[in-house]
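Q: One letter stands for each residue in the lines below.
There are 4 protein chains.
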Amino acid sequence: MIKVAINGYGTIGKRVADAVRAQPDMEVLGVAKTRPNFEAETAIDKGFPLYAAIEEREDQFAAAGLDIAGPVAELVADADIVVDATPSGIGAENKSLYEEYDTPALYQGGEDAELVDTSFNARSNFEDAVDADHVRVVSCNTTGLSRVIAPLRETFGVEKVRATLVRRGGDPGQTSRGPINDVLPDPVTIPSHHGPDVETIFDDLDIDTLGMKVPATLMHMHSLNVTLEEAVDAAEVRDLFGDESRLFLIPERMSIDGSGKLKEYALDAGRPRGDIWENAVWEESISTVGRDLYLFQGIHQESDVVPENVDAIRAVTGSADAEESIRTTNEALGIGF
Amino acid sequence: MIKVAINGYGTIGKRVADAVRAQPDMEVLGVAKTRPNFEAETAIDKGFPLYAAIEEREDQFAAAGLDIAGPVAELVADADIVVDATPSGIGAENKSLYEEYDTPALYQGGEDAELVDTSFNARSNFEDAVDADHVRVVSCNTTGLSRVIAPLRETFGVEKVRATLVRRGGDPGQTSRGPINDVLPDPVTIPSHHGPDVETIFDDLDIDTLGMKVPATLMHMHSLNVTLEEAVDAAEVRDLFGDESRLFLIPERMSIDGSGKLKEYALDAGRPRGDIWENAVWEESISTVGRDLYLFQGIHQESDVVPENVDAIRAVTGSADAEESIRTTNEALGIGF
Amino acid sequence: MIKVAINGYGTIGKRVADAVRAQPDMEVLGVAKTRPNFEAETAIDKGFPLYAAIEEREDQFAAAGLDIAGPVAELVADADIVVDATPSGIGAENKSLYEEYDTPALYQGGEDAELVDTSFNARSNFEDAVDADHVRVVSCNTTGLSRVIAPLRETFGVEKVRATLVRRGGDPGQTSRGPINDVLPDPVTIPSHHGPDVETIFDDLDIDTLGMKVPATLMHMHSLNVTLEEAVDAAEVRDLFGDESRLFLIPERMSIDGSGKLKEYALDAGRPRGDIWENAVWEESISTVGRDLYLFQGIHQESDVVPENVDAIRAVTGSADAEESIRTTNEALGIGF
Amino acid sequence: MIKVAINGYGTIGKRVADAVRAQPDMEVLGVAKTRPNFEAETAIDKGFPLYAAIEEREDQFAAAGLDIAGPVAELVADADIVVDATPSGIGAENKSLYEEYDTPALYQGGEDAELVDTSFNARSNFEDAVDADHVRVVSCNTTGLSRVIAPLRETFGVEKVRATLVRRGGDPGQTSRGPINDVLPDPVTIPSHHGPDVETIFDDLDIDTLGMKVPATLMHMHSLNVTLEEAVDAAEVRDLFGDESRLFLIPERMSIDGSGKLKEYALDAGRPRGDIWENAVWEESISTVGRDLYLFQGIHQESDVVPENVDAIRAVTGSADAEESIRTTNEALGIGF
Ligand SMILES: NC(=O)c1ccc[n+]([C@@H]2O[C@H](COP(=O)([O-])OP(=O)(O)OC[C@H]3O[C@@H](n4cnc5c(N)ncnc54)[C@H](O)[C@@H]3O)[C@@H](O)[C@H]2O)c1
Ligand SMILES: NC(=O)c1ccc[n+]([C@@H]2O[C@H](COP(=O)([O-])OP(=O)(O)OC[C@H]3O[C@@H](n4cnc5c(N)ncnc54)[C@H](O)[C@@H]3O)[C@@H](O)[C@H]2O)c1
Ligand SMILES: NC(=O)c1ccc[n+]([C@@H]2O[C@H](COP(=O)([O-])OP(=O)(O)OC[C@H]3O[C@@H](n4cnc5c(N)ncnc54)[C@H](O)[C@@H]3O)[C@@H](O)[C@H]2O)c1
Ligand SMILES: NC(=O)c1ccc[n+]([C@@H]2O[C@H](COP(=O)([O-])OP(=O)(O)OC[C@H]3O[C@@H](n4cnc5c(N)ncnc54)[C@H](O)[C@@H]3O)[C@@H](O)[C@H]2O)c1
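Residue numbers (UniProt numbering), protein chains in the order written: chain A, 1 to 337; chain B, 1 to 337; chain C, 1 to 337; chain D, 1 to 337.
Only chain A is shown next, with the shape it has when bound in the complex (with noise of 0.2 Å):
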């Protein structure tokens, strides 16, 4: 059993724990957590042992009436591996504490490319974190792209991605972000640093991003352009797609027509938390004008970066390859609707 810490208990964190938890070679050993709330409630709950984050916190969470396993440094020193979970740039804060223990690193999409020896997409580079001790799983909207883009390269070969990211305001419990009302261009400057990340996964590719922020907070909505290297029928690109584990082609039929009826119809299916691992590709969108193919995709902010860390454990722990890895990885979570 690969021994895994979470360090940071928050929307990502607690998620990963839970899959962790599901699968058949790992044990979640402790989150660690730097307040009590009700997250932290949840976390001894389901019986994670709970460390303290910031030491001299500690008895908040006494306070609280919640009882700590002891420090985070003790978590990371037994762990075999760490999932660094914290808010953006605090990650690259924790990184000392990880090499003082020696304790190979996951980090998050929040933190800089340069921290680490690798950035991570399972069904893209893999074999890149294979023991590697500091690796970066792509943000949420890189991880999304990343799924489309590695088979279309690898089938028809792409010359071009142009993509427009109309980003959710904030997560659901964010109650402090906005904005209300209005449609924001963010980054205002062509491209947004999207695009430099997805080639972080793919080194040779050119990709051109737009990012905007909406007052929306269930999903991201891609609206995506790729010119292929050869004319392609929309048809085939479906059928490439319905190959693909981590993609949900969203079938007519259905008469889903946004990320709310998406995401009832994923309550209703019994996902936990709601969660759309995979990239919800709206099955109508995909098509073709001539090298031009165009599609949208809900991401699911919240959820589609947490099989890909469980897959990056795997990858730095050397205990699977990407094929076996995915396959378990998939299966332990019931991915696919």
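It is worth saying that the hints were derived from the structure and are not from the lab.
Heads up, a few of these hints could be off.
Remember, identical chains collapse to one label, so a pair may be satisfied in a single copy or spanning two.
To be verified - With a straight-line Cα cutoff of 20 Å, these simulated SDA-like cross-link-like pairs (lysine to any residue) come out:
no., residue 1, residue 2
1, K160, S287
2, K46, G336
3, K46, I335
4, K160, I207
5, K46, M254
6, K160, V232
7, K46, G65
8, K46, P272
9, K46, F337
10, K46, P24
11, K46, R253
12, K160, D206
In this text, all values refer to a predicted model and were calculated from it rather than measured experimentally.
Starting from the known structure of chain A, fit chains B, C and D with the ligands onto it as the hints suggest.
A: Frame of chain A; chains B, C and D with the ligands shown alone:
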């Protein structure tokens, strides 16, 4: 086993179906829908026999690859009771069908009180529905108000209730509903119809309600004022409410500031669909100024009436008394965080 | 003086009425509405003779204390031209009325291109409408796209246009429109109908468009990619656009991050209704990567077609050429910040 | 002419500047800002001398091509009165500056009541501010409540006020403020601080307030209950309010269902920035049940305090009594639809 038919498999109907299936003394005989969509697929996936609510549309289901068990009349004929969860006003049209087959029926809050023998809230007037043929489970808002008013009346006496109901504009999947950026007095006239609806449960209650509609989808929010018959300490009210199984007092330590984090907590806790069957009362908000009691409560419109439907089934079929039914329902669903 | 009738006094019609009145060579003969509301009152307050679009409803206006000048047919008969600004599809129904009285007519973007002799954008194809009888001023989105495409075609040549149109769900007063918390691919099929609509202005243009709908009311936002026929510096494009009277380049120093601050700026500047008749292009966003040009532009759906209607009046009545008309319109309205 | 300095030229400050300029007995000596943005440009365009609120930042203005008239201290020294419209808490920091130059000052609702000699609402306690040195114009919500409470107290007597304030999450340009999809009890504790704030105007008033925050930007909405000292017909209240110059009773015939259409009406009517200086009370909503009065009112947070600031200038400078000041202000601004 009580054989239950569900006519109308949408927001309410699909939840009632799952809740009925979870009961030790009930089974879902089948569910009826008017058209194929993602919900119809989930019904099939869950193994609920699917009936065509409109016979002429059977082929639409066939075209979508969904097997139809038969026409809804057959389902009604075979059932011990039918739960009608069709859109407002359709229930009234369906009544003659239920009468034709002598099948007692439950209706939802979108129907008029005049349609039925009695309106129903398990905590408040379970006995009124015993052996009745046509019973209306009151709306989400009325259910939410009844659950707090009942214990207050019994313990302290209620002189007057004044409530402002800040209602979500639409459910998460209802993408055609607004407003997008507005606060609507709705209805503009005061008092709103909600007060009289509560009086179908407590006929001698003095209550004035005001309604608004806002651009939010997760929950309704009630700003409640109850003038009690005696001055009471807030602590006494908290204790009283603490004993009510369908009131969840949100503890301050959880740092839950609104319906977003509340739903997240429910999802983290593993609630199906993140449902919050209980009134969610902010514990800190419970305050008294002389005889005036104030509080905020979140009402999860999609699910608070679900346990009430289950109890109403037992009342109508005479299979348990209030206390036993509520206890059984609560245990089967896992009510209480 | 050109005598102008306005049929349909809503979002577009009331703005066209004010704009026509501001012209030195035009007068508003009257405006027609179907029912009394706040807009009817303002029409009266502004001294626009008010006609009943539906004769049987005249008494509704009387009941509201609003004097009706006569039936709409009278207004059409006496006018030199009628601007139809009724809801989508109603314009087509009204066409026979205008033909009956031999009054040339303008229609709005909600009508089909087949209804008319030509579609119209002042910057791009003014001449096509000269002396035509039935002319359609293209939609807000098509107007916005045409204004940037025209100069690019003339100066650099355009190989292909790809645009993602992130559309506001409803206008600020349209409280029944959603979505509340969603991003909807709309239409789900790609390319959307917007591209062909732009081709009614530039018939040989290669353009693919993708549409979305978001919970915002203020403006549409375009994420635009134009593959030019030659590689061009962004600075050249900025210069080119700087010379276009109906493109407003938002300077970086203004710290305008979206449509909220943009509208606030327009309101501060004293614009009537805060209208932004120009395309609002974020200057910083104008970028080139080889032959690919990218930019973000905000399109104020309620007002960008207003100066176009004014110009179309001059085209149809043959009273000025493009340059003179555009200059007169711009001066009369105060276009250009 | 009263020489008025405006320190803080944002949402409130820029409106006060325009309003002061519109008065026959006042002039704007200058306005001070901390950083250049679109508002600074408009100040220059309008011909308001622009002062640097923070001396070290003068060169930022220069870099943006904006001429600075001098440091704010100079402006304060030369003025008869300064209106401080800086963000909450900054006013308190500025007090010593105003004292240093012996310039009387007005502060806004974001400051504490303790900072000043008296809090101010023109309709309710104009006299208290006569010749005072430091006066706080109460917040938008308190202003809105005071304007309805004052006439009710005088005419019928008020036993108790209970109000639920459903507050907009942010102003239209405040894109970083949320929530996006939530209804937040805010503050969670009851009664909220708004009641005590109203008591700075009516010290013997019995009032309990509850606050919420919703994803809307246009206006606050109050759900108001006033228990009067006698039973009154709703018609009497409507008549009473009809005589109040700063209450606008929205007539039913206008079909205005919320703040979106209300703002549209104000914009159509030519109001600068679409401002609604009056409380907007839905006439139909005014209802009585025994001694209980209920109503809904929309409060335009950005502008209702503007005429109050103008009146407070006259009170502090002793240049007119309440009746004369209010009349002059109303006429100069065009208050009353
Ligand atoms: N939320 C998303 O949509 C999303 C998607 C993909 C990637 N990411 C990335 O994942 C990372 C985590 O984001 P999140 O959304 O889960 O954040 P979050 O705020 O929901 O959770 C962060 C958690 O870390 C804890 N924390 C804060 N400081 C800490 C410290 N010093 N040590 C240990 N724990 C600490 C917090 O208490 C919280 O529990 C970021 O890099 C983010 O960019 C987020
Ligand atoms: N959604 C809520 O928040 C909520 C809360 C409490 C009560 N209610 C009440 O519950 C009832 C159902 O509301 P809902 O939100 O579940 O609606 P819904 O639209 O989500 O579901 C209604 C279902 O009924 C089906 N249907 C439509 N016509 C039918 C017919 N003639 N025969 C059979 N099925 C038909 C539809 O296909 C759909 O599956 C209404 O009375 C409503 O007022 C709704
Ligand atoms: N609102 C926008 O964003 C926008 C932008 C560009 C173009 N358009 C197009 O402009 C047209 C008008 O749209 P709008 O937004 O102004 O609509 P609107 O609903 O705001 O106004 C339409 C007006 O027409 C009146 N009307 C309805 N039926 C009528 C009839 N039979 N005869 C006369 N008047 C009638 C209504 O009372 C209303 O005053 C549509 O074709 C629309 O597609 C709208
Ligand atoms: N916006 C509202 O809805 C509203 C309503 C009523 C009362 N108020 C109150 O009015 C006051 C101002 O609020 P606002 O919404 O206008 O804020 P704002 O942020 O829109 O404007 C504040 C202005 O003050 C400037 N400023 C910041 N620091 C300064 C300093 N040290 N010296 C001089 N200027 C400085 C800023 O540049 C800005 O121009 C606050 O007390 C607020 O509580 C606001």
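Q: For a quick check of understanding: which of the numbered hints are violated here, in increasing order?
A: Violated: none.
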